[in-house]
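The chain contents come next:
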Amino acid sequence: METFLGLDYPTLWFLVVGALFSGYGILDGFDLGAGAMHLFIKGDKNRRVALNAVGPVWDGNEVWLVIGGGTLFAGFPVFYATLFSAMYIPFMLFIMFIILRAISIEFRSKEEMKWWRTMWDVSYSISSGMIAFLLGVVLGNVLKGFPLDSNYEAIDPHLTMFLNPFSILVGLTTLALMMMHGAIYLTLKTEGKLFDKVVKMLEKCMIGFIVMFGVLSVFTLIFQPHLAERFKDHPSLFFLPLTAILAIANIPRLARKKKYMQAFVFSSLTFSLLLILVAVQLFPNLLIASNDPNNSITIYNAAASQKGLGLMLTIAAIGTPLVLAYTFIVYKIFWGKVKLDEHSY
Amino acid sequence: MDVEILSRIQFAFTVSFHYIYPPLSIGIGLMLVISEGLFLKTKDQRYEVLTRFWVKIFALTFGIGVATGIVMEFEFGTNWATYSRYVGDIFGSALAAEGIFAFALESSFLGILLFGWNKVSPRVHFMSTVGVFFGSMFSAIWIVVANSWQQTPAGYKIVGEGMEARAEITDFWEMVFNPSSVERILHVWVGAFLAGAFLFISVHAYYLVRERHQDISKLGIKLGLMAATFFSFVQLFLGHMSADGVAENQPAKLAAFEGHYYTDHSADLYLFGWVDQESKEVYGVKIPGGLAFLTQFNFDGKVEGLDAFPEDEIPTQINAVFQFYHLMVGIGMMLIGLSVLGTFYWFRGTLFKQKWLLWTFVFAVILPQLANQFGWFAAEMGRQPWVVYGLLRTSDALSKAVQADQVLFSLIMFTFIYTLLFILFIYLLNKKIKHGPSDTHLIDHRPHQQGINDFFSE
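Each protein sequence line maps, in turn, to chains A and B.
Everything in the first sequence is counted per our numbering, starting at 1182 for the first residue and increasing by one.
Everything in the second sequence is counted per our numbering, starting at 206 for the first residue and increasing by one.
Hints are computed from structural coordinates only; laboratory data are not their basis.
Don't take each hint at face value.
Stated by the list, open to error - Listed below are several chain B residues computed to face chain A (Cβ distance under 10 Å; list not exhaustive):
no., residue
1, A264
2, F296
3, P327
4, F377
5, Q419
6, L441
7, F442
Unchecked claim - Derived pair list, reagent style DSBU-like, types lysine-lysine, alpha-carbon separation capped at 30 Å:
no., chain 1, residue 1, chain 2, residue 2
8, B, K362, A, K1488
9, B, K362, A, K1226
10, B, K636, A, K1223
11, B, K605, A, K1226
12, A, K1488, B, K636
13, A, K1513, B, K427
14, A, K1291, B, K639
15, B, K261, B, K248
16, A, K1520, B, K362
17, A, K1226, A, K1291
18, B, K507, A, K1520
What the hints assert, rightly or not - Quick partial rundown of chain B residues pointing at chain A, CB under 10 Å, derived from the structure:
no., residue
19, I239
20, L243
21, F281
22, K324
23, A370
24, V567
25, V570
26, I631
Just so you know, even glycine gets a beta-carbon here, dropped at the ideal spot from N, CA and C.
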């Protein structure tokens, strides 16, 4: 098997996918989170500011999902096919909320009527929250695994298979993390009374996330002990969860000191660190077959060909600096507090 | 209904709905590049008013295009899992390239295009417009490459057998430049340009007959007519090229296009007609030997008929394929006629007095949209029963883990949400058009730094 920097291609691509989803979580995370708390912001002007805080960037952030999904499809088609067809209902709901959210952002401020704006505010907020929740639910199911046959197809996936206590908990924790992240983002983009309001909401979001994270951790250790095995086998890896906990603990500390930019960096780090934990635990599995470990989908049996992965790695190597440059330029241009003008949503 | 037919209906429905928007984004993108470019060159404020107005319409079509586009990527996995496993290795690099080179470019610069008027200098804004336009063009390249590979697979090998079989890439450039890629990309691009140009013409024709925004609209309709005239002729040539390609690479599809059942010499070309699938006869107006001439420049040439292929390797809906193909061609001809007529009156200086023609232009916006849809119907239905021509059958490409009730649920969901989306789209489009470009003098908030470096320091 061909290698680069001592890593084989499937492993490298696993890292690429991980990096992209981590980037997606960080970027779409704040606009989904800001959307989920939208209804708690009162007053039309305030809501417009909150909406326009994500206005110029939400579309670009969603691109990461398209690219992330594309890299998963491209690199691990077997995993993509099995996961998406087994999780049919959550993915279809996810798509519906993605569309509903785009419509809501686009249409909300196009009419003056109060009922019109309230209607879109509600659908924007609910769809943002549901997207965050469903992302977590799917992640929860991946972590938990489900029965697979020897062709790596899900065995008899029934309509409500995706709804289990563990996955729901992961979903709620994801939502809480994104709301905290979104609240921090809003502190950077707002001023005056709205800013004070957002700071208060941030406090609640931080408590919410830390509670959810604690509950999920305990639940995992009791009911999903397989998710901690790798760390038991390699105690040196314990520095990872430790770092994650320190990063999380640092967020309220920085928020109290009003260092919101740094708090944003740490909540972004939290996304990456938690995903690294997931990756370390799963590797080299992508989806564990709960009936027979031999049927588990790994990065090797799910991977595209060597040739295909090599091509994709080349494309990613050429393209990534470009994407980072565009993203940087756009954020640079729209840096700073939101000012509504005639082009705003 | 079974999973197969439901999944096919759902994919056809979602992809057709999606395809209302990307051609408009590409086509309006082209018109934006032209008009904003002319503004920078001539400093004529009217071009800026025109650009700002069309950017608003562009935003509407682009936003819906992105949201409805994610659906297909997901459906590959949810509804067509076997297909995903089969083609994953081939589509992988094409989709990766699409995401990284095209989609990221267009979506990032879209923010500046829409919201950056007062943040960056006119020159940087124009560069963003060009970036978005190029991004959408690149996007079309990679998507059509992937689809063309399904029509004419190349640069691959098959590994595994039976349901385990899958295609592996052996040569990237051979895959990208598979036999039908280039002509189909060009055909799709120009179809999109025509969709944009005719929307441009339609809206400005509407203003002219309503005697509003006349100054801007006279300018707009001329830009639109220039693009429409040029590209409708180019499309005639490209369409012919595409049909030639089909004749060479997918003879069964060509035979279905023309309802050509029996292999013989001097095959006929139908202008319009009706295929009786029972008796295998076509009734209609034909040019004797026309098909033979078009494909081989010889009225007596031999063209393979549907009888040259096994019964289970040709499409079942011959009449539908025939009709969609002929409607597309017919509309293409109408577009040429309309644009030539418009240009003719323009050069005689009486265009703005021809109310009947302007009214025709207002409604002609639907024509390129229909031609784009019908062209794809013909291309995709004509490929059946294959999803990958000659390699993978549509009936084998399904997800085994998905049941009919799930697909029925999502199909109902899509019907509901797309109906809502379409009503809102038409409502807002209508509203924006009614509101019109701002004719009052622009309050100029635009910064005028020189060059791209300055906006880093603000």
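Status of each hint after checking the structure:
Taking 10 Å as the C-beta contact cut-off toward chain A, the hint placing A264 of chain B at the interface holds, the least distance being around 8 Å. The beta carbon of F296 of chain B is positioned within 10 Å of a beta carbon in chain A (closest approach about 7 Å), and the interface hint is therefore held. Hint status for P327 of chain B: violated, given a least beta-carbon distance of 14 Å to chain A, over 10 Å. Interface restraint check for F377 of chain B: the shortest CB-CB distance to chain A comes to about 5 Å, inside 10 Å, so the restraint holds.
Checking Q419 of chain B against chain A: minimum C-beta separation of about 24 Å lies over 10 Å; hint violated. Taking 10 Å as the C-beta contact cut-off toward chain A, the hint placing L441 of chain B at the interface is violated, the least distance being around 35 Å. For F442 of chain B, the shortest C-beta to C-beta distance to chain A is roughly 32 Å, which exceeds 10 Å, and the interface hint is violated. A distance of roughly 12 Å separates the Cα atoms of K362 of chain B and K1488 of chain A; the hinted pair therefore holds under the 30 Å criterion.
For the hint pairing K362 of chain B with K1226 of chain A, the CA-to-CA distance comes to about 59 Å; that exceeds 30 Å, so the pair is violated. This hinted pair checks out: K636 of chain B and K1223 of chain A have alpha carbons roughly 28 Å apart, not beyond 30 Å. Taking the CA atoms of K605 of chain B and K1226 of chain A, the gap is near 50 Å; set against the 30 Å cutoff, the hint is violated. As the CA atoms of K1488 of chain A and K636 of chain B are separated by approximately 51 Å, the hinted pair breaks the 30 Å bound.
This hinted pair does not check out: K1513 of chain A and K427 of chain B have alpha carbons roughly 38 Å apart, beyond 30 Å. Using a Cα cut-off of 30 Å, the hinted pair K1291 of chain A and K639 of chain B holds, with the two alpha carbons roughly 13 Å apart. The straight-line distance between the Cα atoms of K261 of chain B and K248 of chain B is roughly 21 Å, inside the 30 Å bound, and the hint therefore holds. A C-alpha spacing of about 56 Å is found between K1520 of chain A and K362 of chain B, which places the hinted pair above 30 Å, so the restraint is violated.
With a CA separation close to 14 Å, the supplied pair K1226 of chain A and K1291 of chain A stays within the 30 Å bound. A distance of roughly 69 Å separates the Cα atoms of K507 of chain B and K1520 of chain A; the hinted pair therefore is violated under the 30 Å criterion. With a least beta-carbon distance of about 22 Å to chain A, the hint placing I239 of chain B at the interface is violated under the 10 Å criterion. Because the beta carbon of L243 of chain B sits about 22 Å from the nearest beta carbon in chain A, more than 10 Å, this interface hint is broken.
A least Cβ separation of about 7 Å between F281 of chain B and chain A falls short of the 10 Å threshold, and the interface hint therefore holds. Given the 10 Å rule on beta carbons, the hint for K324 of chain B holds: about 5 Å separates it from the nearest Cβ of chain A. Because the closest C-beta pair between A370 of chain B and chain A is about 12 Å apart, greater than 10 Å, the hint is violated. Taking 10 Å as the C-beta contact cut-off toward chain A, the hint placing V567 of chain B at the interface is violated, the least distance being around 23 Å.
For the restraint placing V570 of chain B at the interface with chain A, the shortest Cβ-Cβ distance is roughly 21 Å, beyond the 10 Å limit, so the hint is violated. Interface restraint check for I631 of chain B: the shortest CB-CB distance to chain A comes to about 12 Å, outside 10 Å, so the restraint is violated.
Hint compliance for this structure: hints 3, 5, 6, 7, 9, 11, 12, 13, 16, 18, 19, 20, 23, 24, 25, 26 are broken, all remaining hints hold.
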